[in-house]
Every structure is written in C-alpha cells, then in structure tokens.
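Chemist: FYI, in the numbering used here the residues of the sequence shown are 1 to 155.
These are calculated hints, taken from the structure and not from any lab test. Note that beta-carbon positions come from the ideal geometry of N, C-alpha and C, so glycine has one too. You may find that some hints are simply not true.
Unchecked claim - Using C-beta positions, here's what the derived DEER-type ranges look like:
hint: 1; residue 1: Val148; residue 2: Gly39; range: 16 to 22 Å
hint: 2; residue 1: Leu144; residue 2: Thr111; range: 41 to 47 Å
hint: 3; residue 1: Gly90; residue 2: Pro134; range: 27 to 33 Å
hint: 4; residue 1: Thr120; residue 2: Ala47; range: 31 to 37 Å
hint: 5; residue 1: Pro101; residue 2: Asn42; range: 19 to 25 Å
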Amino acid sequence: MQLRSSLMTAICWLLALPASGALAQDGKCTLSGGALAFGAYNPGFIAHLDAMGMLTMDCKGKIQAQLGLSVGTGSGASYGTGRIMTGSTGGLLRYNLYTDPSRTLVLGDGTGGSTRLNLTIQGTVTQAFWGRIPAGQASVPIGLYADVLVATISY
C-alpha cells in the first residue's frame, strides 16, 4: 500500500475564501479543493454553524483508497473534543469535520474515535465533507479563524 499526503491550507475560514488548484500529485492521483468556508460565527447564536466542503480526487485507473484528515494545528485539538481554529486576535474556536451530513462520524485518520473514508476512485471523484462550529462559544473574540490540515489518501 502506498501512502500519499497533501497539505490543505486554510481548510476552515470563517470568511469565504476561494479554493482552487491541485494539492497533491504523484503521477497516479491528484487531490484538489478542500477549503471550507463557515461564514461569520456569532457567539450569541444558540444554533451550530454548519458548512459543507468538497475534495476532488483524480486517479489514473481504478483505485481502492482511504481518505483521512489530520487533527489540525490548533493547540489542544483532538478528534473527540474537536479541532481548533486559531484566530487573528489569538482566540480559539472549536469545530469538527464529518463524513456524513448528519455530522455523526468525525472525519480523521482513524484514531481517537475518528474514521477514514473508504473510496473507489476511477477517473475524477468528488467527495463531500461536512463541518460544524458548535454553538455556545461565547468568549470567542472577533477575528479571522483558520486551521491547517493534512489530507492523506492511502492506496
């Protein structure tokens, strides 16, 4: 089994930023996309802030693969308690990414209660993933928040 990694810069921004370009290329597969824009988070809201992102994989031939995401670079982040975005003003904002629209299965590397996606890739495949910033983070200062994750496709 070969292992390929790709750095996904700024997967989680609170303000919409464009996502384009190939993230990884090993001669057999390319990975592109990956940015997720939550929009503005209001600490006073009682509802979660949800968003959806897309990753596009293009492979030569038919490949059975697993897609995983790292926990991110935020201090104190974990799959179980949530990833953490760091703000431009030093604040921390908890969030997580999921394999399903009901947001029950944490998308990760298969450790800490997370799961990897099993995929059959032939040609170009687009895979959705879902994000959530939990409500009730009242002490979060205003600012731009971002995190950096590593996407891994194993085949």
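Chemist: Checked against the structure, which of the hints given earlier come out wrong?
Modeler: 2 and 3
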